[in-house]
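Residues per chain, in single letters:
Protein chains: 2
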Amino acid sequence: MNQHPAHKPDYEKELRRAGVRITRPRKIILRILTETDDHPDAMEIFQRATIIDPSISLSTVYRTMKLLEEMGAIHRHAFEGGRARFEQADGEHHDHLIDMDTGDVIEFHSDRIEKLQEEIARSLGYDIVHHRLELYGRKRRKT
Amino acid sequence: MNQHPAHKPDYEKELRRAGVRITRPRKIILRILTETDDHPDAMEIFQRATIIDPSISLSTVYRTMKLLEEMGAIHRHAFEGGRARFEQADGEHHDHLIDMDTGDVIEFHSDRIEKLQEEIARSLGYDIVHHRLELYGRKRRKT
DNA sequence: AATGCAATTGCAAATCGTTTGCAATAAAAA
DNA sequence: TTTTTATTGCAAACGATTTGCAATTGCATT
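So the protein lines, in turn, are chains A and B. Each step along the first sequence adds one to the number in my numbering, with nothing skipped, and position 47 is 47. Each step along the second sequence adds one to the number in my numbering, with nothing skipped, and position 78 is 78.
Note that these hints are calculated values from the structure, not bench results. On a predicted model such as this, the values are computed, not experimentally measured, just so you know.
Under 10 Å between C-beta atoms, here's a sample of chain B residues computed to sit facing chain A:
(1) Phe79
(2) Glu80
(3) Ile106
(4) Val129
(5) Arg140
(6) Arg141
Heads up, the beta-carbon is just placed ideally off N, CA and C, and yes, glycines get one too.
Generate the whole structure from the sequences, applying the supplied hints.
The structure is reproduced here in structure tokens:
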């Protein structure tokens with residue numbers, strides 16, 4: 001088990017390569033994404049964008065997120081309660097521990113769990129296409 | 001890892017004990033729940049109920065499900081896409097493998113995975129309140 | 001069996017996150 | 001610069017779920 005590093009992809013280049021226009025709203029949204037290493041939801045991105053350019057609309061945020069998602073540049077997570085949250089699809093796969101008090105998301109990865117999942121699916125006659133492992137918890141008080 | 005058995009709790013008794021009135025719509029919904037061993041969503045329950053008594057409303061289904069959930073008699077699952085699905089909260093905890101083609105839900109349990117989750121959370125300084133492990137897959141073609 | 005009253009109902013309207021139709025605008029190709 | 005076409009903001013639509021409300025119904029009491 002270990003946390004993962006972060007690196008900043010060049011979304012603009014990726015989008016251009018995908019034949020998409022680099023518009024002013026998109027530029028702003030992409031900038032916000034690269035400057036962020038938490039897991040913001042659409043509304044948060046919208047509000048941050050709105051500071052830079054108040055004319056940006058929530059629809060455009062959603063449309064841009066969908067675009068990036070389809071390109072595989074970001075992942076959309078439906079954690080419990082409320083809105084979907086996004087994160088950069090940089091390195092390797094990881095799962096999430098959600099702090100129930102703060103909403104913070106901690107990433108982790110366990111090869112052993114991944115292996116066990118495979119074994120279970122296989123023993124049930126299935127191939128895993130993807131999975132979702134989310135731990136919901138609170139900071140432990142004592143040590 | 002192993003599948004789990006099923007047993008049928010007496011919801012009416014539980015509800016009465018909780019000081020809730022046993023109405024005609026509730027009777028019907030409870031009957032449907034006890035007769036079911038899959039993971040129906042509110043709309044499915046509503047449609048099955050509607051056959052028995054066409055005057056039942058979807059709101060009542062939702063309200064009853066919420067009631068049962070609060071009593072701990074059923075669990076609500078937000079699998080990917082669409083509506084929440086419900087299941088009886090009988091025996092022990094289990095996780096779910098969702099058949100992406102049919103929507104079927106297969107229950108499984110792995111002590112080893114549970115243990116590993118605990119370890120991970122602990123090493124990150126957290127206590128797990130609950131978790132969500134869902135495998136999304138397809139029946140494997142060959143063997 | 002008839003009464004009384006709070007719990008429950010069905011309905012329509014409201015909610016929340018997200019998506020969509022559309023006419024106006026702006027990227028970028030010519 | 002002009003043209004072409006993607007993209008925008010807006011408002012309205014969406015799907016799942018919840019809610020306010022007046023009418024009804026369990027059910028404890030007579």
